[in-house]
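Peer 1: The sequence shown begins at 1 in the numbering used here and counts up by one.
It should be emphasised that the hints constitute simulated quantities derived from the structure, not laboratory data. Just so it is clear, CB atoms sit at the ideal spot from N, CA and C, and this is done for glycine as well. Don't take each hint at face value.
[Claimed, not checked] Pair by pair, the computed Cβ-Cβ distance ranges are:
| no. | residue 1 | residue 2 | range |
| --- | --- | --- | --- |
| 1 | 141 | 70 | 36 to 42 Å |
| 2 | 85 | 266 | 36 to 42 Å |
| 3 | 178 | 68 | 31 to 37 Å |
| 4 | 135 | 72 | 30 to 36 Å |
| 5 | 130 | 179 | 36 to 42 Å |
| 6 | 59 | 136 | 32 to 38 Å |
| 7 | 31 | 7 | 14 to 20 Å |
| 8 | 255 | 180 | 24 to 30 Å |
| 9 | 31 | 263 | 37 to 43 Å |
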Amino acid sequence: MTASPGAPRISVVVPAYNNGRTLRETLRSILDQDVPSLELIVADHSSTDDTAAVMAEFADDPRVRLLTTEAGGGAGRNWNRVTEAATGEFLKLVCGDDILRPGVLARQAGILERTGAVLTACRRDVVDAEGRVLMAGWGLRGLGRLMPGRDAVRKAVRAGSNLFGEPASVMMRRDLLAAEGGWFDRFPYLIDQATYSRVLLHGDFAPDPEVGATFRMSDTQWSVALVAEQAGQAHGFHAWLHKTHPGVLSSFDRRYGDLRASLMARARRLSYRVLQRRMR
Numbered sequence: 001m002t003a004s005p006g007a008p009r010i011s012v013v014v015p016a017y018n019n020g021r022t023l024r025e026t027l028r029s030i031l032d033q034d035v036p037s038l039e040l041i042v043a044d045h046s047s048t049d050d051t052a053a054v055m056a057e058f059a060d061d062p063r064v065r066l067l068t069t070e071a072g073g074g075a076g077r078n079w080n081r082v083t084e085a086a087t088g089e090f091l092k093l094v095c096g097d098d099i100l101r102p103g104v105l106a107r108q109a110g111i112l113e114r115t116g117a118v119l120t121a122c123r124r125d126v127v128d129a130e131g132r133v134l135m136a137g138w139g140l141r142g143l144g145r146l147m148p149g150r151d152a153v154r155k156a157v158r159a160g161s162n163l164f165g166e167p168a169s170v171m172m173r174r175d176l177l178a179a180e181g182g183w184f185d186r187f188p189y190l191i192d193q194a195t196y197s198r199v200l201l202h203g204d205f206a207p208d209p210e211v212g213a214t215f216r217m218s219d220t221q222w223s224v225a226l227v228a229e230q231a232g233q234a235h236g237f238h239a240w241l242h243k244t245h246p247g248v249l250s251s252f253d254r255r256y257g258d259l260r261a262s263l264m265a266r267a268r269r270l271s272y273r274v275l276q277r278r279m280r
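Could you build the full structure based on these sequences and the hints that come with them?
Peer 2: Given below as structure tokens:
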């Protein structure tokens, strides 16, 4: 499945939910990108704030398509809603409170074209709700070169962490994402990493060495219970990957990844407490 004739080269999709305070900046950071062929698809997942009103401000831009998504279904429902409407060759999902840096769309599309890779990812700045930088230039540890996608998947599992980053950091080939059935939400807290992994089994990973996005940490991500649940779902994802692709992930890789995921969860709890004190 490839982009149809006349389709945009790049699709950016935004699954919005109660992002009225930040969505305007997010959409502006996308539309201000200097790319000749772009479509932006935004879907409101039954928000209770002014998300829909902010979206309406962009209705007259011919590059923009505005949708609604019925309530329920978690992130997977809205992520797949906007993605299924996309028609471009390359796709990037940006959550409604994240920001793209100038030039990232053109640069990442160029990387995918030059290398033939199926997925690329950049480093990002992690900020708090007010935009203060908590961690600068974060991501891509151990993924600094072109490599087979299955090697990148294995590295991430063995690290016990999503080395690729949040979706705003990633661009992939849309046809391969569609062939895999879209965003894979069997493990909701790992919907991004699990989906990247399925796409990466089709080809190479190519890094984007620049800082190309800003990821905003929400209040819910400080939750200790959430961190523990993420570790449990990481174990489930590792088991699924080993069962379905034993040639990619060995039994040892799985066990090592489970241990690392549990250790990373504990480290995350500590780092969240430190960051909360900094924010105060």
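Peer 1: Decide, hint by hint, whether the structure agrees.
Peer 2: We went through each hint and held it up to the structure:
no., hint, verdict
1, 141 / 70: 36 to 42 Å, "38 Å, holds"
2, 85 / 266: 36 to 42 Å, "40 Å, holds"
3, 178 / 68: 31 to 37 Å, "22 Å, violated"
4, 135 / 72: 30 to 36 Å, "33 Å, holds"
5, 130 / 179: 36 to 42 Å, "40 Å, holds"
6, 59 / 136: 32 to 38 Å, "35 Å, holds"
7, 31 / 7: 14 to 20 Å, "18 Å, holds"
8, 255 / 180: 24 to 30 Å, "26 Å, holds"
9, 31 / 263: 37 to 43 Å, "41 Å, holds"
Checked against the numbered hints given earlier, this structure breaks only hint 3.
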